[in-house]
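Enquirer: Respectively, the protein sequence lines represent chains D and C. The opening residue of the first sequence carries number 0 in numbering that gives the first Met the number 0; numbering runs sequentially from there. The opening residue of the second sequence carries number 0 in numbering that gives the first Met the number 0; numbering runs sequentially from there.
By construction, these hints were calculated from the structure, which means they are not laboratory data. Hints are supplied without guarantee of correctness; some may be wrong.
[Said to hold, decoys possible] With a straight-line cut-off of 20 Å between C-alpha atoms, the simulated DMTMM-like cross-links for lysine to aspartate or glutamate are:
#, chain 1, residue 1, chain 2, residue 2
1, C, 304, D, 70
2, C, 293, D, 70
3, C, 312, D, 56
4, C, 178, D, 54
5, D, 59, C, 314
6, D, 60, C, 354
7, D, 73, C, 539
8, C, 304, D, 66
9, D, 59, C, 281
10, D, 60, C, 520
11, D, 60, C, 303
12, C, 309, D, 66
13, C, 309, D, 1
14, C, 304, D, 1
15, C, 304, C, 228
16, D, 42, D, 11
17, D, 67, C, 33
18, C, 178, D, 1
19, D, 67, C, 271
20, D, 67, C, 281
21, C, 309, D, 56
22, C, 309, D, 54
23, C, 293, D, 66
24, C, 178, D, 11
25, C, 312, D, 70
26, D, 60, C, 281
27, D, 59, C, 303
[Said to hold, decoys possible] If you anchor each label on the Cβ, the simulated ranges turn out as follows:
#, chain 1, residue 1, chain 2, residue 2, range
28, C, 0, D, 170, 48 to 54 Å
29, C, 116, D, 129, 55 to 61 Å
30, C, 104, D, 113, 23 to 29 Å
31, C, 170, D, 43, 21 to 27 Å
32, D, 163, C, 558, 54 to 60 Å
33, D, 136, C, 168, 57 to 63 Å
Glycine included, C-beta positions come from ideal geometry on N, C-alpha and C.
What follows is each chain in one-letter form.
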Amino acid sequence: METVYNISVFTENSIGILNRITIIFTRRHLNIESITASESEVKGVYRYTIVVKTDLDQVKKVVAQIEKQVEVLKAFFHSDDQVVHQEIALYKIATESFVNGSTEKIVREHHARILTVDKEFTIIEKTGQPEELQALFNELDTYGVLEFVRSGRVAISKPMKTLETYLKELEA
Amino acid sequence: MKIRGAEAVMQSLVQEKVETIFGYPGGAIMPIYDALYDFRDTVNHVLVRHEQGAIHAAQGFARTSGKVGVCFATSGPGATNLITGLADAMIDSTPVVCITGQVASHLLGTDAFQETDVIGISMPVTKWNIQVTRAEDISGAIARAFYIARSGRPGPVLVDITKDAQFGMVDFSYEPCTKIRSYQPTPVVDEQTLQEAAALINQAKKPYILVGQGIFLSNAEKEILDFAEKTGIPVASTLLGLGSFPSDHPLYVGYLGMHGNYAPNVLTNECDVLIAVGMRFDDRVTGDVSRYAKQAKVIHIDIDKAELNKIIKAEVAIHADAKDALQKLSALVNHNEHPQWLQQFRDLEAVEKSEVVDEAIHPSSDQLKMAEVVNLLSEKTDGKAIIVTDVGQHQMISSRYYKYRGHRNNVTSGGLGTMGFGLPAAIGAKLGNPKQTVVAIIGDGGFQMTIQELGTILQSKVDVKILILNNNFLGMVRQWQQLFFDRRYSFTEIVNPNFTAIAKGYSIDALKIEERNQLDEALTTMLNSKGAFLLEVVVEQEENVFPMVETGASVSEIRLN
Numbered sequence: 000m001e002t003v004y005n006i007s008v009f010t011e012n013s014i015g016i017l018n019r020i021t022i023i024f025t026r027r028h029l030n031i032e033s034i035t036a037s038e039s040e041v042k043g044v045y046r047y048t049i050v051v052k053t054d055l056d057q058v059k060k061v062v063a064q065i066e067k068q069v070e071v072l073k074a075f076f077h078s079d080d081q082v083v084h085q086e087i088a089l090y091k092i093a094t095e096s097f098v099n100g101s102t103e104k105i106v107r108e109h110h111a112r113i114l115t116v117d118k119e120f121t122i123i124e125k126t127g128q129p130e131e132l133q134a135l136f137n138e139l140d141t142y143g144v145l146e147f148v149r150s151g152r153v154a155i156s157k158p159m160k161t162l163e164t165y166l167k168e169l170e171a
Numbered sequence: 000m001k002i003r004g005a006e007a008v009m010q011s012l013v014q015e016k017v018e019t020i021f022g023y024p025g026g027a028i029m030p031i032y033d034a035l036y037d038f039r040d041t042v043n044h045v046l047v048r049h050e051q052g053a054i055h056a057a058q059g060f061a062r063t064s065g066k067v068g069v070c071f072a073t074s075g076p077g078a079t080n081l082i083t084g085l086a087d088a089m090i091d092s093t094p095v096v097c098i099t100g101q102v103a104s105h106l107l108g109t110d111a112f113q114e115t116d117v118i119g120i121s122m123p124v125t126k127w128n129i130q131v132t133r134a135e136d137i138s139g140a141i142a143r144a145f146y147i148a149r150s151g152r153p154g155p156v157l158v159d160i161t162k163d164a165q166f167g168m169v170d171f172s173y174e175p176c177t178k179i180r181s182y183q184p185t186p187v188v189d190e191q192t193l194q195e196a197a198a199l200i201n202q203a204k205k206p207y208i209l210v211g212q213g214i215f216l217s218n219a220e221k222e223i224l225d226f227a228e229k230t231g232i233p234v235a236s237t238l239l240g241l242g243s244f245p246s247d248h249p250l251y252v253g254y255l256g257m258h259g260n261y262a263p264n265v266l267t268n269e270c271d272v273l274i275a276v277g278m279r280f281d282d283r284v285t286g287d288v289s290r291y292a293k294q295a296k297v298i299h300i301d302i303d304k305a306e307l308n309k310i311i312k313a314e315v316a317i318h319a320d321a322k323d324a325l326q327k328l329s330a331l332v333n334h335n336e337h338p339q340w341l342q343q344f345r346d347l348e349a350v351e352k353s354e355v356v357d358e359a360i361h362p363s364s365d366q367l368k369m370a371e372v373v374n375l376l377s378e379k380t381d382g383k384a385i386i387v388t389d390v391g392q393h394q395m396i397s398s399r400y401y402k403y404r405g406h407r408n409n410v411t412s413g414g415l416g417t418m419g420f421g422l423p424a425a426i427g428a429k430l431g432n433p434k435q436t437v438v439a440i441i442g443d444g445g446f447q448m449t450i451q452e453l454g455t456i457l458q459s460k461v462d463v464k465i466l467i468l469n470n471n472f473l474g475m476v477r478q479w480q481q482l483f484f485d486r487r488y489s490f491t492e493i494v495n496p497n498f499t500a501i502a503k504g505y506s507i508d509a510l511k512i513e514e515r516n517q518l519d520e521a522l523t524t525m526l527n528s529k530g531a532f533l534l535e536v537v538v539e540q541e542e543n544v545f546p547m548v549e550t551g552a553s554v555s556e557i558r559l560n
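Assemble the whole structure, with the sequences as input and the hints as a guide.
Expert: Here you go:
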């Protein structure tokens with residue numbers, strides 16, 4: 000059965016490793032729903048959050064093949080209920096749409112925040128889960144959204160074993 | 000004292016005890032070739048005729064010697080010509096280090112002359128690759144390359160070195176690589192899984208062992224023998240595992256897969272415990288996986304964790320080096336015998352013998368058949384010659400009828416099925432084990448894919464016996480066309496050149512035979528020849544290889560004719 004899996008990959012900081020990882024998905028014709036990468040809490044170790052829709056059997060094999068890459072320290076997968084996840088979205092709207100007051104109300108109700116106000120445009124930021132980000136978009140769009148961008152998902156798993164513990168095991 | 004990056008390459012290779020390099024020079028690797036010039040007394044560089052030849056030779060070298068094969072190529076087309084060999088080495092777990100020249104770093108990404116993104120292109124077909132742009136990074140990269148290529152599940156590694164890095168000056172020091180934190184090549188065997196496996200084996204009524212190339216790669220030939228003899232379990236082999244268990248041993252039951260033996264395929268679906276060691280359940284071995292050994296509890300031992308549960312679900316998956324696992328498992332299992340079970344194999348073997356083998360090796364037809372040639376070669380060499388094959392019918396015939404009894408004497412392209420592999424791989428195989436007779440058994444089609452390597456044999460005086468089984472067809476495809484495409488022989492008939500004349504053009508002695516009564520003497524002449532020899536045997540045009548597990552069929556549905 001296809002469900003959403005959050006794959007977390009910890010890698011060394013080396014050129015090309017991202018490509019090696021994405022090849023594994025491409026070969027199996029698996030579409031990556033979103034991917035984010037940045038340095039983790041351990042200096043020099045990079046963390047990717049990759050979201051895919053697939054079945055359990057497939058995700059197990061993919062994660063095994065990711066972990067097999069020489070420069071991958073560790074890879075895990077979790078279903079949505081095992082992680083806390085967020086995305087961030089930015090919305091650009093015309094500043095004049097604030098004039099009638101309802102845009103402000105929308106921003107307030109959605110717990111979004113205003114990042115920049117320019118004479119012509121205003122940029123609003125919201126973090127949340129895709130439906131929440133979409134809900135804000137839908138309401139703002141009644142006044143016209145000039146631009147909308149959503150980040151990929153970042154996710155942290157609920158189980159407590161830390162990256163440092165794994166690193167210590169690897170270096171033992 | 001500072002030395003050039005190019006010399007650092009050579010010094011690093013010397014530190015890794017490299018004595019043989021297969022390669023081809025070109026613009027972007029010229030500084031390395033210049034440095035090589037000073038090492039020509041200590042390092043044997045074999046000039047090939049095409050970079051594909053270099054990497055297949057390096058593969059052949061690695062397969063017979065157990066060492067890492069090394070090749071050099073220049074940037075651009077030199078590097079892209081390595082790709083087929085990298086893919087072959089990747090899927091067949093062969094340790095190879097390729098060093099490629101690259102344009103100067105300031106030209107990277109600019110479409111400079113002979114620039115290609117070899118790192119990007121080779122990524123899916125290398126275990127690891129790296130581009131080096133500074134002289135001071137060369138020795139570290141090469142140290143890692145060798146460590147990664149040979150450890151764990153071996154594989155090909157590519158090190159791409161820009162021309163400015165080759166020219167750069169560096170204080171040379173060499174530190175062999177023994178550990179990479181993100182890479183764990185030697186698994187620690189989980190005792191619990193061994194206990195579970197032993198319990199299954201001790202209770203089994205019809206246990207069955209499948210061995211693959213992992214036995215060679217972990218040097219576990221003795222361990223598998225001890226394990227099988229203690230437990231009395233029959234042993235079958237994959238294509239790449241042939242010879243890892245002696246073919247004349249009473250427990251040996253044959254060759255697995257699409258054109259393998261009858262009994263080991265059929266009885267896969269009757270065993271109760273299947274013990275797979277150092278093999279990966281290729282589809283040519285399993286046939287239809289949904290009807291593969293469903294009745295059996297599977298114990299799978301492999302050093303590559305990603306292979307466990309990839310194709311066949313294992314009741315007990317043992318992530319381990321085969322040697323280590325077998326040693327420990329042998330201590331946990333009981334002495335046993337399975338005479339009735341073994342007899343089932345012998346009974347089916349008798350069926351195959353009367354229905355297929357007898358006619359194949361003693362044909363009633365006038366025309367020579369491939370199997371009788373290989374069978375006689377096997378007898379004459381006592382199963383101990385190094386047999387290198389290409390890909391196709393002759394390959395399946397060789398794996399069926401050559402009785403491998405040597406150590407690492409089976410070199411073939413398994414997973415990738417690379418036509419053109421045979422001739423260059425045989426060159427490497429000979430240099431990897433110079434004392435052994437090397438026979439390259441090749442079809443008329445595949446021979447012409449890398450025929451230029453006859454020049455390498457000429458120049459480097461490589462003593463390779465080339466046995467061409469010529470049916471004037473691309474035989475395996477023709478067989479499939481006959482069986483599955485209504486005999487529509489679409490572009491499989493091949494008009495061949497005069498092979499013996501070509502060989503003579505390269506100063507290689509050659510002989511062509513077409514009659515059965517010439518075969519014995521011709522093989523003797525070939526084997527006794529001093530130096531390289533080409534023997535062309537004209538065989539029946541439309542001979543088919545049987546038995547056969549058709550695509551989509553279960554292994555137990557193997558056809559005898």
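Enquirer: Against each hint, give a clear statement of whether it holds in the structure.
Expert: For each hint, the structure was consulted:
Pair hint residue 304 of chain C plus residue 70 of chain D holds up; C-alpha atoms about 16 Å apart against a cutoff of 20 Å. The straight-line distance between the Cα atoms of residue 293 of chain C and residue 70 of chain D is roughly 37 Å, outside the 20 Å bound, and the hint therefore fails. For the suggested pair residue 312 of chain C and residue 56 of chain D, the alpha carbons sit about 11 Å apart, so the restraint of at most 20 Å is met. With a C-alpha separation of about 35 Å, the suggested pair residue 178 of chain C and residue 54 of chain D falls outside the 20 Å cut-off, and the hint is violated.
Between residue 59 of chain D and residue 314 of chain C, the direct Cα distance comes to roughly 16 Å. Compliance with the 20 Å bound is thereby established for this hinted pair. Annotation: proposed proximity of residue 60 of chain D to residue 354 of chain C is violated, straight-line Cα distance about 42 Å (limit 20 Å). For the hint linking residue 73 of chain D to residue 539 of chain C, the alpha-carbon distance of about 55 Å lies beyond 20 Å, and the restraint is violated. Straight-line distance between C-alpha atoms of residue 304 of chain C and residue 66 of chain D comes to about 9 Å, which keeps the hinted pair within the 20 Å bound.
Restraint check for residue 59 of chain D and residue 281 of chain C: the C-alpha separation of about 19 Å stays at or below 20 Å, so the hint holds. Our distance criterion of 20 Å between C-alpha atoms is broken by residue 60 of chain D and residue 520 of chain C, whose separation comes to about 54 Å. A hinted pair counts as satisfied when its Cα atoms are at most 20 Å apart, and residue 60 of chain D with residue 303 of chain C qualifies at roughly 12 Å. Restraint check for residue 309 of chain C and residue 66 of chain D: the C-alpha separation of about 14 Å stays at or below 20 Å, so the hint holds.
Between residue 309 of chain C and residue 1 of chain D, the direct Cα distance comes to roughly 18 Å. Compliance with the 20 Å bound is thereby established for this hinted pair. The suggested pairing of residue 304 of chain C with residue 1 of chain D is violated, with an alpha-carbon distance near 24 Å, which exceeds 20 Å. Only pairs whose Cα atoms come within 20 Å are accepted, and residue 304 of chain C paired with residue 228 of chain C is rejected, the gap being roughly 27 Å. Of the supplied pair hints, the one linking residue 42 of chain D and residue 11 of chain D holds, its CA atoms being roughly 10 Å apart against a limit of 20 Å.
For the proposed pair residue 67 of chain D and residue 33 of chain C, the alpha carbon gap of about 37 Å is over 20 Å, so the pair is violated. For the suggested pair residue 178 of chain C and residue 1 of chain D, the alpha carbons sit about 38 Å apart, so the restraint of at most 20 Å is broken. Our distance criterion of 20 Å between C-alpha atoms is broken by residue 67 of chain D and residue 271 of chain C, whose separation comes to about 31 Å. Note on residue 67 of chain D and residue 281 of chain C: the hinted pairing holds, with a Cα-Cα distance of about 19 Å set against a maximum of 20 Å.
Only pairs whose Cα atoms come within 20 Å are accepted, and residue 309 of chain C paired with residue 56 of chain D is accepted, the gap being roughly 9 Å. At most 20 Å may separate the alpha-carbon atoms for a hinted pair to count; residue 309 of chain C and residue 54 of chain D meet this at roughly 14 Å. A hinted pair counts as satisfied when its Cα atoms are at most 20 Å apart, and residue 293 of chain C with residue 66 of chain D does not qualify at roughly 29 Å. Taking the CA atoms of residue 178 of chain C and residue 11 of chain D, the gap is about 14 Å. The hint holds against a cut of 20 Å.
For the hint linking residue 312 of chain C to residue 70 of chain D, the alpha-carbon distance of about 27 Å lies beyond 20 Å, and the restraint is violated. The straight-line distance between the Cα atoms of residue 60 of chain D and residue 281 of chain C is roughly 16 Å, inside the 20 Å bound, and the hint therefore holds. Annotation: proposed proximity of residue 59 of chain D to residue 303 of chain C holds, straight-line Cα distance about 14 Å (limit 20 Å). At roughly 35 Å, the beta carbons of residue 0 of chain C and residue 170 of chain D sit outside the given window of 48 to 54 Å.
Checked against the hint of 55 to 61 Å, the pair residue 116 of chain C and residue 129 of chain D fails, with Cβ atoms roughly 35 Å apart. In this structure, residue 104 of chain C and residue 113 of chain D break the distance hint of 23 to 29 Å, their C-beta atoms being roughly 46 Å apart. Between residue 170 of chain C and residue 43 of chain D the beta carbon distance is about 25 Å. The supplied range of 21 to 27 Å therefore holds. For residue 163 of chain D paired with residue 558 of chain C, a C-beta distance near 58 Å keeps the hint of 54 to 60 Å intact.
Range check, residue 136 of chain D to residue 168 of chain C: about 58 Å between beta-carbon atoms, so the 57 to 63 Å window is met.
In summary, the structure is inconsistent with hints 2, 4, 6, 7, 10, 14, 15, 17, 18, 19, 23, 25, 28, 29, 30 from the numbered list given earlier, while agreeing with the others.
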